[in-house]
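K.L.:
Residue numbers (the working numbering): 283 to 442.
Check each hint, because a few of them may be wrong.
Derived DSS-like pairs: lysine-lysine, alpha-carbon spacing no greater than 27 Å straight-line [unchecked claim]: (1) K340 <-> K297; (2) K340 <-> K357; (3) K304 <-> K340; (4) K311 <-> K297; (5) K357 <-> K311; (6) K340 <-> K311.
So the derived label-pair ranges between C-beta atoms look like this [said to hold, decoys possible]: (7) L345 <-> Q287: 15 to 21 Å; (8) D320 <-> W288: 18 to 24 Å; (9) A303 <-> A360: 22 to 28 Å; (10) K311 <-> S286: 24 to 30 Å; (11) E353 <-> G377: 21 to 27 Å; (12) I347 <-> L384: 14 to 20 Å.
It is worth saying that the hints were derived from the structure and are not from the lab. From the three backbone atoms N, C-alpha and C, an ideal C-beta is built for every residue, glycine too.
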Amino acid sequence: MLPSQWPLVVYPKTKDQFEIAKRILNSPKVSRVVCATDAGREGELIFRYIYELAQCRKPFSRLWISSLTPEAIRKGFAALRLGADYDSLADAARGRSRADWLVGMNARPRLPRHPQKRQGLGERARRIGDLADRPPLCRPGGPRELCPPRRPPVVCPHLL
Numbered sequence: 283m284l285p286s287q288w289p290l291v292v293y294p295k296t297k298d299q300f301e302i303a304k305r306i307l308n309s310p311k312v313s314r315v316v317c318a319t320d321a322g323r324e325g326e327l328i329f330r331y332i333y334e335l336a337q338c339r340k341p342f343s344r345l346w347i348s349s350l351t352p353e354a355i356r357k358g359f360a361a362l363r364l365g366a367d368y369d370s371l372a373d374a375a376r377g378r379s380r381a382d383w384l385v386g387m388n389a390r391p392r393l394p395r396h397p398q399k400r401q402g403l404g405e406r407a408r409r410i411g412d413l414a415d416r417p418p419l420c421r422p423g424g425p426r427e428l429c430p431p432r433r434p435p436v437v438c439p440h441l442l
């Protein structure tokens, strides 16, 4: 299963929260945006998903800090970089998220459905189809017919 498009959708339970973020991002009072999510691939992806889904077109900068002390925050704001400088990181994050989704959607239906067949897989077992990189406000979506029926999480000792 390989979708031709990767649309984003907002979870119904976080729709109100997303609408607030969207309203702020697109407010005429806001001239530029600072991405201040966690420094790393997942933080960048969360910001890009929200920014894209909100259809924001304002310029943005990236705050990259590894400490939350007032001094580190001041230094980080003094050294803001253009958001475009992190496009490669965002591409890597998006690729990883899509790869995780593909592995989950394609491997999960091939695993045992019955709990007694899954017993004894050991501590090294991994969950399949658990999209850990999914941000809290939105998630990769696709046509419903691409997704297999929902089942409880399944463990598997090896992915490949």
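K.L.:
Given the hinted pair K304 and K340, is their alpha-carbon gap at most 27 Å?
P.N.:
Within the cut-off at roughly 12 Å; holds.
K.L.:
Do the beta carbons of D320 and W288 sit within 18 to 24 Å of each other?
P.N.:
The hinted range 18 to 24 Å holds for D320 and W288, with Cβ atoms some 22 Å apart.
K.L.:
Hint says 24 to 30 Å; check whether the CB-CB distance for K311 and S286 agrees.
P.N.:
violated, 38 Å
K.L.:
Honestly, do L345 and Q287 meet the 15 to 21 Å range at C-beta?
P.N.:
Violated - the Cβ-Cβ distance for L345 and Q287, about 31 Å, lies outside 15 to 21 Å.
K.L.:
Take the C-alpha atoms of K311 and K297, compute the straight-line distance between them, and say whether it is at most 27 Å.
P.N.:
holds, 22 Å
K.L.:
Has the given pair, K340 with K357, been kept, meaning a C-alpha gap of at most 27 Å?
P.N.:
Holds: K340 and K357 sit about 23 Å apart, inside 27 Å.
K.L.:
Holds or violated: 14 to 20 Å for the Cβ distance of I347 and L384?
P.N.:
Given about 33 Å between the Cβ atoms, the range is violated.
K.L.:
Can the restraint linking K357 and K311 be considered satisfied, given a maximum Cα separation of 27 Å?
P.N.:
OK: K357 and K311 at ~25 Å, within 27 Å.
K.L.:
E353 and G377, beta-carbon distance inside 21 to 27 Å?
P.N.:
Since E353 and G377 have Cβ atoms about 35 Å apart, the given range 21 to 27 Å is violated.
K.L.:
Please verify whether K340 and K297 have alpha carbons no more than 27 Å apart.
P.N.:
holds, 22 Å
K.L.:
Given the hint of 22 to 28 Å, is the C-beta distance from A303 to A360 inside that range or not?
P.N.:
Once the Cβ atoms are compared, 26 Å apart, the range 22 to 28 Å for A360 and A303 holds.
K.L.:
CA of K340 to CA of K311, is that 27 Å or under?
P.N.:
Distance of about 12 Å is within 27 Å: holds.
Against the hints set out earlier in the document, violations occur for numbers 7, 10, 11 and 12.
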